[in-house]
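Let's have the full structure, built from the sequences with the hints guiding it.
Chains C and F supply the protein sequences, listed in that same order.
Mapping the first sequence onto the numbering used here, position 29 (from 1) lands on 30, and the numbers just tick up by one.
Mapping the second sequence onto the numbering used here, position 92 (from 1) lands on 97, and the numbers just tick up by one.
It cannot be assumed that every hint is accurate.
Below, a list of computed lysine-lysine pairs in the DSSO-like style, where the Cα atoms sit at most 30 Å apart [as the list claims (entries may be wrong)]:
#1 C/Lys70 with F/Lys62
#2 C/Lys4 with C/Lys70
#3 C/Lys4 with F/Lys62
#4 C/Lys53 with F/Lys62
#5 C/Lys4 with C/Lys97
#6 C/Lys97 with C/Lys70
#7 F/Lys62 with C/Lys97
#8 C/Lys97 with C/Lys53
Calculated directly from the structure, the hints in this document are not laboratory data.
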Amino acid sequence: DAKTTQPPSMDCAEGRAANLPCNHSTISGNEYVYWYRQIHSQGPQYIIHGLKNNETNEMASLIITEDRKSSTLILPHATLRDTAVYYCINAGNNRKLIWGLGTSLAVNP
Amino acid sequence: KAGVTQTPRYLIKTRGQQVTLSCSPISGHRSVSWYQQTPGQGLQFLFEYFSETQRNKGNFPGRFSGRQFSNSRSEMNVSTLELGDSALYLCASNQAGQWETQYFGPGTRLLVL
Numbered sequence: 002d003a004k005t006t007q008p009p010s011m012d013c014a015e016g017r018a019a020n021l022p023c024n025h026s027t028i029s030g031n032e033y034v035y036w037y038r039q040i041h042s043q044g045p046q047y048i049i050h051g052l053k054n055n056e057t058n059e060m061a062s063l064i065i066t067e068d069r070k071s072s073t074l075i076l077p078h079a080t081l082r083d084t085a086v087y088y089c090i091n092a093g094n095n096r097k098l099i100w101g102l103g104t105s106l107a108v109n110p
Numbered sequence: 006k007a008g009v010t011q012t013p014r015y016l017i018k019t020r021g022q023q024v025t026l027s028c029s030p031i032s033g034h035r036s037v038s039w040y041q042q043t044p045g046q047g048l049q050f051l052f053e054y055f056s057e058t059q060r061n062k063g064n065f066p067g068r069f070s071g072r073q074f075s076n077s078r079s080e081m082n083v084s085t086l087e088l089g090d091s092a093l094y095l096c097a098s099n100q101a102g103q104w105e106t107q108y109f110g111p112g113t114r115l116l117v118l
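So this is what it looks like as structure tokens:
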């Protein structure tokens, strides 16, 4: 079973920041937090991952709380093309990504 | 570079038949993973292959099998199809040492009647 909890759906206005929360209260010390997204009719796409420090790349920022029990994915300026299902995953060295049902983000014009 | 390709994109089979799905990874990627995606269960890990060897396996029955060839292309096979095998089957590849960054193909949508 997935070890993360995400809201099933969220809305965001185009051009605004989208903040997607994820709870992972049982995360182990060697497990990373990964974020992927899946646009309709496509395969999932890697976004970002981190262990305990905040991370930023060209797609998004990842904020991990100090106790590592939750994290937030931030899309700084959401566009219509960011409408997708976003998955938060914890995984360690076992090389298995255990997926939950994710958050369906709708970016509205 | 070309992305991960999967063939066929759509497939209709009947119960009891078997099916073989194909995946070509990104050039240079030697690791290939397979996932099953259904509306109720989400994405579930099937298995991972690296250098023609199964390196990891999910919790699926033995009807689900796979293999990898020397050119890193991979196939998965499902025998004695059941209605519940109807799903989107996704293949992902990654560079050696970077398994956390997986590149997915568009998937093969299998319908079992």
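Hint by hint, here is what the structure shows:
1. C/Lys70 with F/Lys62: Given pair C/Lys70, F/Lys62 holds - Cα atoms ~28 Å apart, limit 30 Å.
2. C/Lys4 with C/Lys70: Measuring from Cα to Cα gives roughly 11 Å; hence the hint holds.
3. C/Lys4 with F/Lys62: holds (19 Å)
4. C/Lys53 with F/Lys62: holds (28 Å)
5. C/Lys4 with C/Lys97: holds (12 Å)
6. C/Lys97 with C/Lys70: holds (20 Å)
7. F/Lys62 with C/Lys97: Holds, because 9 Å separates the two Cα atoms, which is no more than 30 Å.
8. C/Lys97 with C/Lys53: Distance ~20 Å between C/Lys97 and C/Lys53 Cα, so the pair holds.
Consistency note: the structure conflicts with none of the earlier hints.
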